[in-house]
Amino acid sequence: MKLIRRMFTIGAAAALVMSAGVSFAEETLNRVMSNGVLKVATDAAWAPQSFLNDDNEMDGFDVDVAREIAKRLGVEVEFVTPSWDIITAGNWNGRWDLSVGSMTPTIGRAEVLSFPAVYYFTPASVAVHADSPYESISDLNGLAVGATTASTFELYLQKDLEIDAEGVPAFEYQITAGENKSYRDSTAAMDDLRLGDGVRLNGMVGSLPAILNAIENNYPLRILGDPVFYEPLALAIDKGDQEFNDKLASIIADMQDEGVMSALSQKWYGIDYTAAR
Amino acid sequence: MLFADTVVSEPLVHKPKTLGIMLLVGLVVFSFFGLSDTIFGEFLRPVIGEPSESGLFGNVAVGLVVSMLFVGNVFLIGFLAFRIQVIVVWVELLLLFLAFFYSFELNYEFIQSKIWFMISQGVMTTLFISAVSIVLASILAIIGAVAKLSSNGFAFAIASFYTSFFRGLPLLMQVYLIYLGMPQLGYVIDAVPAGVLALTLCYGAYMTEIFRAGIQSISKGQWEASRSMGFGFGLTMRKIILPQAMPLIIPPTGNQFIAMLKDSSLVSVIGVWELMFLARTLGNKDFRHMEMLITAALIYWVMSMCLELIQSRIERHYRTKSH
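One line per chain: the protein sequences are A and B, in this order. The letter at position 4 of the first sequence is residue 4 when you use my numbering, and the numbering goes up by one with no holes. Add 277 to a position in the second sequence, counting from 1, and you land on the number used in my numbering.
Quick list of simulated restraints, FRET-style, between CB atoms:
no., chain 1, residue 1, chain 2, residue 2, range
1, B, F405, A, N35, 22 to 28 Å
2, A, D160, B, K539, 36 to 42 Å
3, A, D131, B, F334, 26 to 32 Å
4, B, L462, A, Q174, 44 to 50 Å
The calculated lysine to aspartate or glutamate pairs, modelled on DMTMM-like cross-linking and capped at a C-alpha distance of 25 Å, are:
no., chain 1, residue 1, chain 2, residue 2
5, A, K239, B, D467
6, A, K267, A, D54
7, A, K267, B, D563
8, B, K539, A, D85
9, A, K71, A, D272
10, A, K159, A, D85
Not the full set, but computed from the structure, chain B residues with beta-carbon under 7 Å of chain A:
no., residue
11, R557
12, T558
13, K562
Everything labelled a hint here was simulated from the structure, so no lab data went into it. Computed from a prediction, not measured in an experiment: that's the story for all the values here. Ideal Cβ placement from N, Cα and C applies to all residues, glycine included.
The task is simple: from the sequences and hints, build the whole structure.
In structure tokens, the structure reads:
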């Protein structure tokens, strides 16, 4: 009897703990303001956008933008780092409030997420091994080309890239790869590419800043041709809170007008990426 | 040792025929790999000339030297006592391993600057998740084992459905399913509890089978004897069956714990900052992932070795108790 009673007590305690964690479907902005904390989802392995710095804290362009947004909302910022496909899957259920992760607003993603504001544009470029013979982007036709899984770069390779944002320059598909290889992140693709031309990969499509960052760190890569497209990069939130959406849009507009965004871009990339060319 | 032989004969590795065969096989294998462009080729430069131009002759010459080194090593170690042999071979393999890592030209300063964070944040989280999961999985496993041995069809059906389902899915998929699926049921689960839940359910299923096998291995006579003394089910289980089943259950359970320690790395996909997650992210900015991966690999290895030691202690404890 004693045992049974004890088990009931434990069960009741467990149920209490479980129910305490249930968050009710409340409006995102209200939740942020009442908790005083803006939970931001971002990648921890995507320098220079977001990474762990020497003090093992989150740092980078996206992280600085997120901090600035939180400051303008008057709340604290907190970072969570789920994998990219979990962020882009939508249905966050209040686990985090905002993604500042350089996300391209594609039509597919717009079905599950809202994009309050585009905050900068990065050129997407093709990289090959430094010793490879290719001269133009079309030389990679029929060869093995890599990109991050579920990224715009992979969509570009699959000729399935539809960007849902204003002010995006038109582009055309310049590669018909023989084999599309998917990677967990662009660093993994560059690690395969550095082994030599054709060892595992012949080329890759990735963001220009990331490739330049790798070249700076002695990766034997070079950029092939001009950028293949300019991708607008946006904040993303879960669907359903128009007020939060408008608030974020006005904060980004203010940051752009005051030159804060350009300054951050200069700080992290050395180039002002805040407008498309 | 499999079988203690009392017939004294020369060790196998001291017979000329064995040594000759080993030398020949080594020669063929090492020549086939073409080691003349490695450090051994550099040593033999006076004999074979420019290593890169020595061709087949160079490869065979280097193969012969490497093979002779190997056979000589085996021959010499053959003279030592068993314990010393084990230690010497361990040290040799370890040195080879270190030489292998050394050839990557790792940046040790970088490792030094990150290792403390890897331990204080990564190892602690990994150990926490594994320890909580193994305790919960053990409780689940006892309930599951009793249910699987029950004559109640309802209990048996639930337990066998559970073990079949959770042993039949990849753990990574369970992590995703729980993390993304639970909110659909109205409960938003955090990353760490989701990871613990996935590990608990998966390993609980495996351990159910271990516990069931352990309980079933106790002969029917034990049940009958305790029944005849008037013991009920609970008392028989606690006082008669489990104490005898434990020595059989402990070794595979220890294995499960070691396996779980490593499988907890799968939780990194939902953003838990455990050891694997840090290994993948800490080196990202400076492109030093090889450093971080090797450091994490060694940390995992050391942790597993500690657990193996603990396991053998527990096994010894139960062995002395039951015999």
